[in-house]
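S.K.: Sequence lines, in order, name chains A and B. Letter 71 of the first sequence, counting from 1, is numbered 71 in the working numbering, and no numbers are missing. Just remember that the working numbering sits 115 ahead of the position in the second sequence, which is counted from 1.
Do not rely on the hints blindly, as some may be mistaken.
[Said to hold, decoys possible] Cβ-to-Cβ under 8 angstroms is the rule here; a few derived chain B residues that face chain A:
(1) Gly125
(2) Pro155
(3) Glu159
(4) Phe162
(5) Ala213
(6) Lys217
(7) Leu218
(8) Phe220
[Claimed, not checked] Cβ-Cβ distance ranges computed for the label pairs, FRET-style:
(9) B:Gly200 with A:Gly28: 28 to 36 angstroms
(10) A:Phe66 with B:Ala196: 41 to 49 angstroms
(11) A:Asn62 with B:Gly222: 17 to 25 angstroms
(12) B:Gly222 with A:Gly3: 36 to 44 angstroms
(13) A:Arg81 with B:Gln184: 45 to 53 angstroms
(14) A:Arg81 with B:Glu130: 32 to 40 angstroms
(15) A:Gly85 with B:Gly222: 17 to 25 angstroms
(16) B:Gln184 with A:Thr13: 39 to 47 angstroms
(17) A:Leu39 with B:Lys131: 28 to 36 angstroms
The hints are simulated quantities; they were obtained by calculation from the structure and are not laboratory data. Keep in mind the model is a prediction, meaning the values are calculated, not measured. Ideal placement from N, C-alpha and C gives every residue a C-beta, glycine not left out.
For reference, the chains in residue letters:
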Amino acid sequence: GAGVSQTPSNKVTEKGKYVELRCDPISGHTALYWYRQSLGQGPEFLIYFQGTGAADDSGLPNDRFFAVRPEGSVSTLKIQRTERGDSAVYLCASSPLGVSRDEQFFGPGTRLTVL
Amino acid sequence: AQKITQTQPGMFVQEKEAVTLDCTYDTSDQSYGLFWYKQPSSGEMIFLIYQGSYDEQNATEGRYSLNFQKARKSANLVISASQLGDSAMYFCAMRAKAAGNKLTFGGGTRVLVKP
Chain A
1 GAGVSQTPSN KVTEKGKYVE LRCDPISGHT ALYWYRQSLG QGPEFLIYFQ GTGAADDSGL
61 PNDRFFAVRP EGSVSTLKIQ RTERGDSAVY LCASSPLGVS RDEQFFGPGT RLTVL
Chain B
116 AQKITQTQPG MFVQEKEAVT LDCTYDTSDQ SYGLFWYKQP SSGEMIFLIY QGSYDEQNAT
176 EGRYSLNFQK ARKSANLVIS ASQLGDSAMY FCAMRAKAAG NKLTFGGGTR VLVKP
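Extracted from the complex, chain A is given alone in its bound form (with noise of 0.2 angstroms):
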């Protein structure tokens, strides 16, 4: 079946404009999660969807980061007024019911460059 799908591949934008990650779960899977990974380091966890909800935010570095789950399935982060620092490859991964258990399943990642 289809793994987890993240759009753009690769996205390039100025200091200060606005920008839309959009990630597609596996279908069925309840949970979702957002990851910020910068070069020659591990992923950072951003923020955690059960369903529609955000269960946990935390990782959100400040108020320029938001992400929304309308109906439970996509999942879109949005980053206004972009800093050089954002730059990372923003990772979503999904699993089926997000017990401890689970594997979380990854997309390809999203690579985004701040000029």
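Since the structure of chain A is provided, determine the placement of chain B on it from the hints.
M.R.: Below, chain B alone, put in the same frame as chain A:
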């Protein structure tokens, strides 16, 4: 807070030999899970193996095994019979029940398999 430490930034291994990747973790939670992921140069995160904190036996998945030493808080990954396709970044991650469903990742170890 949860923390994962991977002390080996990079390793060379000869094809067909075994390699051990170190991972130590820190958590005050009694219930947690440990994961290993592989990230090839293509960027996708591939799940390899899972160990629950209450699992009595060490996890194994094909050529991958996890050497879980709970008292020492270590969860080393052993890859047996290395293949050229094993060249990649490897990340250890933890999910603690008290911290919700997010994964906390280590900094990764780059493995290069030599023919």
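S.K.: Against this structure, judge whether each hint is valid.
M.R.: Hints, verified against the model:
1. Because the closest C-beta pair between Gly125 (chain B) and chain A is about 11 angstroms apart, greater than 8 angstroms, the hint is violated.
2. Given the 8 angstroms rule on beta carbons, the hint for Pro155 (chain B) is violated: about 11 angstroms separates it from the nearest Cβ of chain A.
3. Below 8 angstroms, beta-carbon pairs count as interface contacts, and Glu159 (chain B) has one with chain A at about 5 angstroms; its hint therefore holds.
4. Residue-level restraint check for Phe162 (chain B) holds (minimum Cβ-Cβ distance to chain A is 5 angstroms; threshold 8 angstroms).
5. Annotation: Ala213 (chain B) was flagged as interfacial toward chain A, and the flag is violated, the nearest CB pair being 11 angstroms apart, outside 8 angstroms.
6. For Lys217 (chain B), the interface hint holds, the least distance from its beta-carbon to any beta-carbon of chain A being 4 angstroms, beneath 8 angstroms.
7. Annotation: Leu218 (chain B) was flagged as interfacial toward chain A, and the flag holds, the nearest CB pair being 6 angstroms apart, inside 8 angstroms.
8. At a threshold of 8 angstroms, the smallest CB-CB gap from Phe220 (chain B) to chain A is about 3 angstroms, leaving the interface hint in force.
9. A hinted range of 28 to 36 angstroms holds for the C-beta pair Gly200 (chain B) and Gly28 (chain A), which are about 30 angstroms apart.
10. A hinted range of 41 to 49 angstroms holds for the C-beta pair Phe66 (chain A) and Ala196 (chain B), which are about 46 angstroms apart.
11. Checked against the given bound of 17 to 25 angstroms, the beta carbons of Asn62 (chain A) and Gly222 (chain B), roughly 23 angstroms apart, stay inside it.
12. Evaluation of the 36 to 44 angstroms hint for Gly222 (chain B) and Gly3 (chain A) yields a failure: the beta carbon distance comes to about 26 angstroms.
13. At roughly 47 angstroms, the beta-carbon separation of Arg81 (chain A) and Gln184 (chain B) lies within the given 45 to 53 angstroms, and the hint holds.
14. At about 49 angstroms, the CB distance of Arg81 (chain A) to Glu130 (chain B) disagrees with the hint of 32 to 40 angstroms.
15. Our hint of 17 to 25 angstroms for Gly85 (chain A) and Gly222 (chain B) holds, since their Cβ atoms are close to 19 angstroms apart.
16. For Gln184 (chain B) and Thr13 (chain A), the Cβ-Cβ distance of about 46 angstroms falls inside the hinted range of 39 to 47 angstroms, so the restraint holds.
17. Roughly 32 angstroms separates the CB atoms of Leu39 (chain A) and Lys131 (chain B), a value that falls within the hinted 28 to 36 angstroms.
Taken one by one, the earlier hints fail for this structure at numbers 1, 2, 5, 12, 14, listed in ascending order.
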